[in-house]
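2 protein chains.
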Amino acid sequence: MELHGANILGGGVSSAGGTTFRGVNPATGAALEPAFHEATEAEIDRALALADAAFASYRKKSPDDIARFLEAIATGLENLGAELIARAHAETALPEARLLGERARTAMQLRMFAALVREGSWLDARIDRADPARAPVPKVDMRRMLLPMGPIVVFGASNFPLAFSVCGGDTASALAAGNPVVVKGHPAHPGTSEMAARVVQEAIRACGMPAGIFSMVHGPSPAVGLALVRHPLARAVGFTGSLGAGRALFDAAAARPVPIPLFAEMGSINPVFVLPGALRSRGAGIAQSMAKSVTLGVGQFCTKPGLALGLGGADFDAFTKTLSGEIAQSPAATMLHAGIAEQFRSGFGKRRGISGVNLAASAAPDASSESPGPARARSAAAYAAVFTADSQLFRDEPSLGDELFGPATLVVPCETKQCLMDIATKLAGQLTVTIHASEEDLAEFAPLIGILREKAGRLVFGSMPTGLEVGPATQHGGPYPATTDPRFTSVGTAAILRFVRPVCFQDFPQAWLPAELKDENPRGIARIVDGAWTRDPI
Amino acid sequence: MELHGANILGGGVSSAGGTTFRGVNPATGAALEPAFHEATEAEIDRALALADAAFASYRKKSPDDIARFLEAIATGLENLGAELIARAHAETALPEARLLGERARTAMQLRMFAALVREGSWLDARIDRADPARAPVPKVDMRRMLLPMGPIVVFGASNFPLAFSVCGGDTASALAAGNPVVVKGHPAHPGTSEMAARVVQEAIRACGMPAGIFSMVHGPSPAVGLALVRHPLARAVGFTGSLGAGRALFDAAAARPVPIPLFAEMGSINPVFVLPGALRSRGAGIAQSMAKSVTLGVGQFCTKPGLALGLGGADFDAFTKTLSGEIAQSPAATMLHAGIAEQFRSGFGKRRGISGVNLAASAAPDASSESPGPARARSAAAYAAVFTADSQLFRDEPSLGDELFGPATLVVPCETKQCLMDIATKLAGQLTVTIHASEEDLAEFAPLIGILREKAGRLVFGSMPTGLEVGPATQHGGPYPATTDPRFTSVGTAAILRFVRPVCFQDFPQAWLPAELKDENPRGIARIVDGAWTRDPI
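Protein chains in written order, with the numbering used here: chain V, 2 to 539; chain C, 2 to 539.
What the hints contain is simulated information worked out from the structure, not anything from laboratory work. Each hint should be verified, as a subset may be incorrect.
Any copy, or any two copies together, can satisfy a pair, since identical chains are not distinguished.
Straight-line alpha carbon distances no greater than 25 Å define the calculated BS3-like cross-link-like pairs of lysine-lysine that follow [what the hints assert, rightly or not]: (1) Lys140 x Lys418; (2) Lys519 x Lys427; (3) Lys418 x Lys322; (4) Lys519 x Lys140.
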């Protein structure tokens with residue numbers, strides 16, 4: 002596939018703007034061909050107008066048609082074979098095996114949503130039947146189900162160039178619900194984005210879908226993202242990325258003349274609580290798996306454990322030592338792009354500069370020169386690290402609770418159970434909280450479990466938070482700043498609920514009801530009829 | 002019950018502030034005893050602190066305990082007997098029969114949520130079982146359900162002093178989900194609010210609930226509402242009221258350091274489409290029921306039909322004439338308070354002043370003196386009215402699409418089918434859209450139905466939008482400006498979804514899982530296990 006570098010606008014391409022940029026190989030710093038065209042205001046407007054116009058016919062497509070379309074995208078991604086993997090590797094430095102796994106996950110997600118759409122019970126159909134004999138007034142017939150909202154804006158994330166990007170979970174869930182999608186490709190992997198977008202274009206052609214239901218625009222400039230979020234025809238937004246960018250877009254969505262929902266997943270520090278019994282019986286094993294989790298994908302996961310907490314003492318010291326030893330031996334690795342590596346080094350330097358913070362381990366060949374020198378500043382190399390801080394410092398210094406995106410973590414021993422509880426109580430919202438505990442720990446720290454339940458979208462017991470399973474029970478979300486709305490998830494089948502709204506049809510003639518609300522229940526979906534779940538016809 | 006005029010803070014009362022106000026009888030303008038104390042910053046802070054502290058024990062209450070608590074509130078409201086109705090009548094001028102009906106609805110809502118909580122399937126429990134044998138990595142066990150969010154701020158609405166006020170649907174759904182509630186009582190019915198709040202206090206005592214789960218503060222000043230929404234311990238907000246107030250609170254919630262979801266239901270114009278076949282066969286009947294719907298409760302329903310649209314001609318003229326005749330004969334009525342009546346008269350005057358807008362009917366004794374004179378301005382009296390405007394003016398003058406809260410409506414004949422479609426396409430978001438159509442109309446106007454589906458939360462066929470039925474299939478919401486988030490409803494069992502968030506428990510020991518997620522399914526709720534609905538244990 003020869004890359005054209007243009008914006009994908011429905012069935013066509015457009016490169017009207019004069020501002021161009023290139024993908025960069027983060028391992029070498031070399032710019033990659035071709036040049037990509039940042040979208041102009043007119044191109045953004047065109048993308049949304051096409052999406053809006055296509056909505057009327059897309060929403061009439063049968064569930065089976067939509068499912069086959071999603072499956073065609075999955076197959077198209079697979080059919081790109083080694084070419085896609087090679088380009089993604091060149092743009093992100095992620096290893097081939099990881100990218101193959103990520104493509105498999107991306108295809109699986111698309112097929113998972115296809116299956117969800119075919120089965121249909123997710124539509125939450127509810128029927129309250131009429132009662133003409135009710136006094137003092139007859140009861141009307143009400144039937145309610147979830148319907149698509151219209152054009153959805155999706156932001157590709159840098160750290161999953163396939164699974165959270167052009168054809169990732171946001172796009173899959175929005176399309177599955179019956180919405181057109183306009184993606185802003187992440188500027189760190191524009192070639193990968195174009196390849197994925199062209200797969201969608203081809204699937205649209207092959208499946209006879211309206212061309213306008215998918216566009217993908219390029220834009221390193223924040224203005225492009227803001228223009229998408231502010232566009233009057235946009236109905237909702239899905240974003241994965243940094244707190245700064247996510248909050249700026251959230252503010253823009255809320256400040257519109259007509260505000261729209263924006264779900265931003267902005268990461269977290271994913272604390273790991275290692276309680277005394279667990280520490281005693283398998284502290285070394287936990288430390289080893291934590292080291293793997295911290296360095297997995299060069300620490301570039303939203304669920305990277307950025308904090309370990311426990312009761313100070315010999316066992317916790319041993320845990321910290323094992324963790325530090327593992328981290329110190331981890332090889333240098335290349336981050337997704339130079340900017341992200343610079344941010345990591347800068348955050349590393351700031352953290353190291355906090356009085357009382359100790360650098361317990363660094364994988365850097367010469368830890369004293371960890372601060373970026375002229376040569377290193379130009380590369381995307383990063384070295385893993387373990388910091389330690391005492392519990393008082395952790396409570397006094399708010400920046401220690403901020404995410405440091407990259408292969409670093411912080412270990413905080415607490416003097417007392419109460420101190421551990423206090424820190425737990427004051428934690429900001431998290432995507433995940435992990436607990437390592439023995440039976441005795443659980444009994445002794447029962448109130449801690451209650452506290453932690455309020456802090457995160459996912460509570461992990463006995464393992465590590467990285468390696469998120471994708472399914473109906475997935476919750477990838479959490480209280481702010483993990484996300485902008487703790488009531489939703491961006492991963493798993495429930496991600497579709499971000500992009501639908503309920504509509505109630507009152508006293509509608511059968512012929513004019515959606516199939517899912519008709520008496521005979523032709524699709525055989527689970528419905529709530531007069532308050533009770535059933536798949537039966539009426 | 003002797004009213005004390007204090008703020009209700011958990012189990013106690015507080016009247017620390019020096020600013021007081023009184024309820025006013027809108028029919029006479031007479032101030033009612035006693036004086037009520039506007040809450041101070043410290044009292045607001047105390048209400049939220051009590052709520053936050055009580056959350057830890059309230060969320061551990063059994064579903065049956067919460068259900069009995071909700072039922073005790075319902076019974077308590079009923080047991081207030083005529084005293085509550087008399088006070089509500091004095092404060093709102095709503096007739097006794099209406100208030101009795103509204104109390105019955107309020108009690109019914111509380112019992113409906115009690116039944117929902119007891120049954121338990123609403124918790125959307127999902128279990129994805131582990132597969133230790135899966136390659137390349139074992140599959141973990143994930144279990145997800147909805148959990149309460151914490152303190153919810155609820156704003157009482159003026160137009161339903163019981164059903165959308167202190168013990169209304171917002172409070173009932175928030176408490177049912179396991180959240181503490183802090184209500185801001187509406188200043189137009191402070192005595193009714195105090196009586197209802199004391200019923201909740203008594204139910205808390207009788208049911209052994211933690212006292213802090215409920216507070217009610219008074220505050221005519223916008224500062225009180227803003228302080229509640231901005232309070233760091235508030236987790237979500239429910240509001241029903243005007244677009245101006247709702248948007249100001251929404252902006253405040255979004256601008257917090259930690260943004261929180263705010264669901265504001267802000268009303269709409271609820272267009273009624275009367276298509277030619279329906280007009281021909283029963284135009285007079287539709288006009289009569291529309292007149293009733295416009296004047297019901299002095300036009301003070303969020304779902305009041307504020308716009309009738311159809312194809313111009315003799316049949317539509319006859320419809321307009323019948324509607325006008327009915328409206329002209331409707332008696333003068335008293336609005337909820339002088340402020341709302343002033344707004345109505347002012348909006349009436351502005352609309353009348355638009356060149357091309359015709360006052361087709363007015364119930365005022367002397368229509369020429371409809372603009373507020375000195376005497377009328379002091380009372381809350383209002384006269385019903387019908388305006389007409391041609392379709393071009395409706396499209397050119399945006400204020401004709403704004404809600405005019407009170408007993409007035411606007412009739413717009415369209416020259417062509419295309420003109421009707423154009424107006425439908427440009428409609429802002431609505432709580433409801435109503436369609437009167439024959440079989441032939443539906444066939445001929447099929448695209449119109451598709452357009453209207455995108456505009457509202459509830460589509461009503463063949464009747465009027467007022468008189469909302471409350472149940473599982475209710476959708477009282479819609480695209481902005483009807484609400485701030487079209488994905489939620491403030492009425493019906495689904496209203497509870499505003500105040501809960503999903504939490505996933507990964508690999509948790511059975512003993513530490515919530516009952517709803519345990520293998521044996523002790524509550525027998527419907528769950529999604531490995532993607533399929535079942536009530537079976539695992």
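**Asked** What are the numbers of the hints that this structure violates, sorted from low to high?
**Response** Hints 1, 2 contradicted; others consistent.
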